[in-house]
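Protein sequence lines correspond, in order, to chains U and P. Per this note's numbering, the first sequence starts with residue -7, numbered consecutively. Per this note's numbering, the second sequence starts with residue 83, numbered consecutively.
Hint data in this document are derived by calculation from the structure and do not stem from the laboratory. Everything hinted at is true.
Some chain U residues judged to face chain P by a derived CB distance under 10 Å, without partners named:
(1) Tyr28
(2) Gln30
(3) Lys34
(4) Gly35
(5) Tyr41
(6) Lys90
(7) Ile92
(8) Phe93
(9) Gly94
For each label pair, taking beta carbons as the anchor points, the in silico distance ranges come out as:
(10) U:Gln100 to P:Asp120: 15 to 25 Å
(11) P:Glu145 to U:Arg69: 41 to 51 Å
(12) P:Lys99 to U:Ser12: 44 to 54 Å
Glycine included, C-beta positions come from ideal geometry on N, C-alpha and C.
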Amino acid sequence: QKEVEQDPGPLSVPEGAIVSLNCTYSNSAFQYFMWYRQYSRKGPELLMYTYSSGNKEDGRFTAQVDKSSKYISLFIRDSQPSDSATYLCAMSGYNTDKLIFGTGTRLQVFP
Amino acid sequence: EADIYQTPRYLVIGTGKKITLECSQTMGHDKMYWYQQDPGMELHLIHYSYGVNSTEKGDLSSESTVSRIRTEHFPLTLESARPSHTSQYLCASSELNRDYTFGSGTRLTVV
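Please build the complete structure, drawing on both the sequences and the hints.
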């Protein structure tokens, strides 16, 4: 069983839609949770970074962590064609900074 | 504006050739990483370094080797390339936290 599970998609939505991206994990030691965005032929770039449980909002993006369910989410409001990319979740434990990544979800936002 | 640079971006090379993938960062980060990324698969850590003269193998077994003679430079070498080495190789660096900065990657094809 993989430590981090993420639906690869693709997820296709119209412009303006609310997008929900999710990851589940099995290691209860994970404390740090990140979302990266990766455009085609580019490296991943950090989008959101949260510690432990709770919500974090940054503009149109909201990250949620539910440690009791071992479930994290990224919501994108008012999605734009420029949001079309692959979104990777990543996480690590308290005593390490090595990240464990999900497979990524490919998102397409059409006009 | 990229602070971490990978060259070449694309490389097609014959079996048995020796290759070196370059990675340089201008941020003065002590920690650097090499990840391998295949389509539809999660990023796998193959090498990491916590500073000059420090190198460790990652979670995914790899026939490649790395060196860290200077803080800003973390090259990856394959002594004898094989078709099974065909993949995208991503270099990343970080400071004290888990905020990784990734390069744009090198897409390697061994024919």
